[in-house]
Amino acid sequence: MGKRVLLIEDEPNIIEAISFILSRDGWSVSTHSNGHDAVDVVKESTPDLLILDVMLPGKSGFDILKELRETTSAETLPVLMLTARGQKADREMAERAGASRFMTKPFSNSEVLDAVRELVGS
Amino acid sequence: MSRDTLTGSRIRERRAMAGFRQADLARQVGISASYLNLIEHNRRRIGGKLLVNIATVLGVEPSLLSEGAEAALISTLREAAADSVAVQPELDRVDEFAGRFPGWAELIADGHRRIGTLERTAATLTDRLTHDPHLATSMHEMLTMVTAIRSTAGILADTKEIEPEWRNRFHRNINEDSQRLAESSQRLVEYLDGAGDAGAALTSPMEEVEMMLAAHDYRFPHLEEDGEDIDAFAAAQPQLTTQEARAAATVTLKQLRSDARKMPRPEVAKALEEVGLDPAMLAQRFRVSVAVVFRRIAVLSDDLLPEPVGIVMCDSSGTLMLRKPIEGFPLPRFSAACPKWPLFQSLTRPMRPIRRVVTATGRESKQFTCYAIAEAIGLLQFNEDPLYRAYMLVVPSDIAVQGAQEVGSTCRVCPSTDCHGRREPSILVDGI
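Here the protein sequences line up with chains A and B, keeping their order. All residue numbers for the first sequence refer to our numbering, where the first residue is 1 and numbers rise by one. All residue numbers for the second sequence refer to our numbering, where the first residue is 1001 and numbers rise by one.
It should be emphasised that the hints constitute simulated quantities derived from the structure, not laboratory data.
In silico negatives: residues of chain B with every beta carbon more than 10 Å from chain A:
#: 1; residue: 1021
#: 2; residue: 1108
#: 3; residue: 1410
On the chain B side, residues computed to face chain A include the following (Cβ under 10 Å):
#: 4; residue: 1150
#: 5; residue: 1158
#: 6; residue: 1176
#: 7; residue: 1177
In this text, all values refer to a predicted model and were calculated from it rather than measured experimentally. For each residue, glycine too, the CB sits at the ideal point set by N, CA and C.
Here chain B stands alone, though its shape is the one from the complex (with noise of 0.2 Å):
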């Protein structure tokens, strides 16, 4: 069907639009009302004085009418069914469709488009060692260097007679690689670690929101005053780039502000002085629940507790939501925690207040108090199964206590090697 053959598919829509009956506009125009049925389901040609007339009644250019829906929208959508597997679209009348119904037609084509971006975005983050030249280039030039120094360190340990002067030549050498290949290494880890990123681009509202607690330290001060407008605060974040983002940061920000109104801040100093960091107590004091304690303390240990104090919260299915990491327990960004954390134990016994000694896996095995405990969340109705959200308090602990339990941040970085709860194999363990 060719496109000029749908002026009466527009006619039709252009006319609801309009909230004309048939009968209206075809007498308006001198002309039958089965007539202008005819037209309207592109079964008669429709063209010259006509087409000015009923345009004229029904206020549009005619050209509206005879041109319709842009070619581009109609080759986005014929890419949109092409790419389809499972749906088979009516292809022989997307002329109609994106004539009938453009803002339908323009949604999915919408949709297409971003299928495709975020189809690469994906695929530039998968193989990252093919599209991003920056780290490509990065782990050639260690992988050299790696090269030279394995080589040159392999001649100096096998080769049994070796000339003072070739010794002193490859030891030069040696030395060289190495710092080049410490300055690599060091380059490449400021590069993952820091903006440029390719994954920068694809964050999460719940990862906007993150950045922007840890932007101002977890602390708003001024937002726990009464007359502190949080929606604006919130629109003028730059972190928080879409209306979810903004409207999950509000909903953190309220909580944050009413846990500041049960527990403020002086009185927190005080108990904090008085019962010490003893989650239990301080919600007995002040009356409220240990989740409240929880986010209370995370955000106040920074300046009230010689050291940080970290947070994190999740839902029943494990998903990782308020996340205020601390140095020595890494939380995962993108992938699923451990299992061992005292945080996904706590979802196995709701209102049960857990406390364990954990010992972070890697290089420092640093040791950490957990306190977790899962609440539930809404109103509790009968014969109504609630719906929970654990919390789980990670403090630095001092004192070394044996036997505690290791605890990993995610498989693919945690070097354990014995772990019924491994989900798969580290990169760590068997090598990128």
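Extracted from the complex, chain A is given alone in its bound form (with noise of 0.2 Å):
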């Protein structure tokens, strides 16, 4: 069984495209698609990688990025952040929060693959 990644997103295709690659690619993926109860969805989870959209409907990718920087079990967890802004000031919010790393809209799959692979790899 491989690695499992949480992917938390709220455009269905986008889910069922990133879903698709990952499985392909030999992970384990399980979903979630609103900002309200992500941080229990990850505590209870733990998934190896976390991926996560900055505009998710009920609470920003932001805000439960530094919720979760916060709690014992998530500290070090990896963190793939997914925005649809590539400005500076978005990229220095993510990293601020806690974000192990920043792609911006459109990507393409080999960039999330690439992505994922080092970012668990290492």
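Mind assembling these two chains? They're in different frames, but the hints should get you there.
Structure below.
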């Protein structure tokens, strides 16, 4: 059984596509699509990697990440943040919130694969 | 210095306004002129009966002398002083300033508030993705769709063996997402194109004039009559919100009226039938300058020619002033135009009529015949360099010409990759 990745993203077709490529790559993928209870879901499922969108209904990805970094179980969890805005301010906010890596939409499938492999391999 | 110590300054100001000499006022309230002088320079406290007596003689409320300028005014002045970098005003005398020159102080405070408003507007416009929630949402929506399509398309292209179920599902997803992308991009264009624009509130007088002209399709048949009152017409136009805009509109409309008298519509129609769109011939026939012909043709083209004709005018600094845009030849609104326009070439050769066929850069690459001329404005004086205004008539051309020069609108949106005139990178070439 491969490594477990949790994808938190609200756009169903993006969820479907990323789940597909990650599964093909040998990951076991679970998904979640809102911000409200995202922190609890991460704590319960204890994935090896989290892919987190910034714009989520209920709670922003930045806030979710900040909360996660304050809990001991998710302190060192590798987190790949996805955003539709590549602005410097967003990148800095992601770094401050504790993102391991930051990726701007629209990304290619191979970029996602490279990023997740690197994050968990290291 | 506390505020109530400024009563003297206010007495001095009110006395001057009332036209009293110091000695006169002093005598009427029963004190010596030198004592009043000390009071007026805030060196003696004043209150009670003397203050009431002085107020009575000066014909003002005593409170006006004792309270004076508003605290709000003082605090705005302090803010203005704090924001100033180069100048260091006498902060310790701000009360005195506000007390002695309330009008000037109001003017500074008003200017300070206005600068604040403008700075906010400028910040909003420079960083629209951050400040314009509608734009940010639309962009986010579009990028989300693009991401989904890109990822799904990548799977379909790169996955060698894919189950038919999955393949169908991904095809359906791409179809859905591309529809949503089409809709959201259309909405975005409508938004950027129309009202609700953050820039809509920030128009210059010339832009307001242009909006007013466009609202009338550049046609003002009734104003061409003698009796029509152009000032009253300008005052009634909703697009003209400032006095400056109304004044500028009046000048433009008077010019259009004078053009119309020199080249009456029926005669222009007849001339166009006989000689065609030949500005030089028309100028000769009506005995007018080429610029008059340009303006008149631009105005009448919507009715008399198969296709509307555009016109643009600039002064010697290259500032675009009169603009009548046409399809396929975009005229920039806020930024400077393309230096390759024949309009600007004409400024280097005043009074020399220029005719050039150009191709507008961009998706459609339409061709246009441009006629340009720079004419002197004002009276010609010996040993004085005249000022010029250049006009360019932009006529859609239906016969394709080989080797026509490429011209753009403005560098930011010009796709041309090999241009010596480029001032700044294009957002089309280098991406947003």
